[in-house]
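> Taking the hints into account, I'd like the entire structure generated from these sequences.
The chain contents come next:
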Amino acid sequence: MMLEDLYRLLRSGHVQAQGVVDTITQPIIVLDQNLCVVTANNAFIKTFKADRDDIQGRVFFELGNGQWDIESLRQLIGGIIPRAAAVIGYEVKHDFPVIGQRTFLVDARRLVHPDDNSANILVLFEDVTERQRHDAEMDFIVSETRHRMKNLFAVVRSIAMQTETKGRTAADYRDTFLGRLDVTLRAQEISVSNTPADFEALLRQSVNPLGAERFHCTGPSVQLSNSRIMPVSMIFHELATNAAKYGALSGQDGEVHVTWSLEDGPRGRVFLRCEWREENGPAVTMPEHKGYGTELIQATCAHVGGMVELKFHPEGLNAVIKFPV
Amino acid sequence: MSDATDNELGPTGCVLVVEDEFFIALDVKTALTEAGFRVLGPAGSVDHALDLLHEERPDAAVLDFNLGHEKVTPVALHLKSLGVPFVLTSASGADELARHEALSSIENLGKPTDLKRLVETVRALQA
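Here the protein sequences line up with chains A and B, keeping their order.
For what it's worth, full-length UniProt numbering labels the leading residue of the first sequence as 1, then goes sequentially.
For what it's worth, full-length UniProt numbering labels the leading residue of the second sequence as 1, then goes sequentially.
The set of hints was computed from the structure by calculation and includes no laboratory data.
Any given hint could turn out to be false.
Said to hold, decoys possible - Pairs of lysine to aspartate or glutamate, EDC-like flavour, derived with a Cα cap of 20 Å:
{"id": "1", "chain 1": "A", "residue 1": "Lys150", "chain 2": "B", "residue 2": "Glu96"}
{"id": "2", "chain 1": "A", "residue 1": "Lys166", "chain 2": "B", "residue 2": "Glu96"}
{"id": "3", "chain 1": "A", "residue 1": "Lys150", "chain 2": "B", "residue 2": "Asp114"}
Claimed, not checked - Chain A residues, not near chain B, derived (Cβ > 12 Å throughout):
{"id": "4", "residue": "Val21"}
{"id": "5", "residue": "Asn34"}
{"id": "6", "residue": "Gln67"}
{"id": "7", "residue": "Leu105"}
Think of the CB as a built atom: it goes at the ideal place given N, C-alpha and C, for glycine as much as any other residue.
This is the structure we're talking about:
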């Protein structure tokens with residue numbers, strides 16, 4: 001073989017090997033027995049924003065102001081040459097001078113050589129910063145979801161418990177329970193959007209299927225904070241349900257008038273004062289036993305630091321509700 | 001008899017309930033009332049709970065951790081300063097609760113809460 005052919009063969013082999021090393025996107029360096037850098041691939045230069053001339057021949061642990069000078073990593077890599085061992089997936093979390101806070105998994109092993117007498121070490125770096133951040137995010141989402149599911153389950157359970165069974169048919173119980181469940185889920189949907197809710201819109205939504213055209217409301221625009229959405233929805237759902245069952249909306253000509261205004265309350269808080277007035281319905285008698293619907297309305301108002309006054313006038317129910325907005 | 005300083009085991013004390021989900025709050029209130037306690041609240045927010053504590057010092061308290069977009073910690077701190085024992089009923093994990101010093105070493109009965117166990121725990125707190 002001609003010397004020229006031999007040269008060409010060796011050269012193309014070398015170029016190909018170098019090409020492979022430089023194509024790999026994972027940072028790679030080769031160290032000699034003194035732990036000085038023999039070779040660094042393009043990915044290493046790029047990832048650590050290093051200058052090739054600055055690192056060639058330098059001791060690995062002195063690179064970049066000693067950013068790799070971590071005692072345990074030094075011991076691990078130092079132990080590879082005498083024991084022909086390997087370090088795999090050693091986690092290095094470090095605030096690097098140029099590239100900032102990163103986490104790398106470092107692999108270090110003796111470079112394979114046909115005579116098996118290589119003193120060189122191949123070191124590979126895998127940047128797992130993003131993956132770990134993503135994992136942490138997923139863990140957070142999973143635990144948050146678990147928390148919400150438990151909470152929602154507890155809510156559903158308590159609605160079932162707090163919906164009275166005494167003197168009710170199973171069908172009546174089921175309808176009441178499902179009505180409350182629907183309001184709860186709808187209110188949660190609105191709450192999740194994390195924007196303040198318009199009082200009138202909530203009011204209309206609670207009454208809507210039960211006779212929108214006989215429902216008249218007048219009052220200023222009031223935005224309710226997130227924590228008020230659910231209780232307010234429930235109060236008006238109960239009032240509307242009762243009106244449809246026993247009150248003004250149970251007859252042909254009955255109407256419901258709702259008016260509201262804002263007023264100053266104790267401790268500098270603003271209260272919403274709302275009057276619910278039923279008219280032209282069937283004659284109203286005071287409920288024989290304190291109906292659960294009214295108890296729930298009272299408890300809900302109290303829960304948001306408000307109060308309610310229910311008056312069963314013969315011409316229709318009159319309810320005055322006050323709560324801090 | 002509702003003397004707060006009375007050391008008899010009779011379940012006659014006053015219990016503050018802080019829980020933002022009002023159906024759950026009603027459930028807790030019902031269970032405690034049926035067991036003979038008087039319930040302060042339930043309060044659905046930190047402000048409301050602090051208002052109630054302003055008016056009356058309870059003998060014990062039952063606290064949810066997440067109250068909508070706020071945490072119950074200011075109420076817990078206030079209860080600690082008053083020397084009122086309390087228990088948590090939160091769906092949050094132990095890791096999250098442990099991050100708040102005011103809640104360390106406080107028992108969490110979890111959610112959904114076993115109301116029988118809650119009543120027993122509150123009784124034990126008072127004893």
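> Tell me the numbers of any earlier hints that the structure contravenes, in ascending order.
Those not satisfied come down to hint 2.
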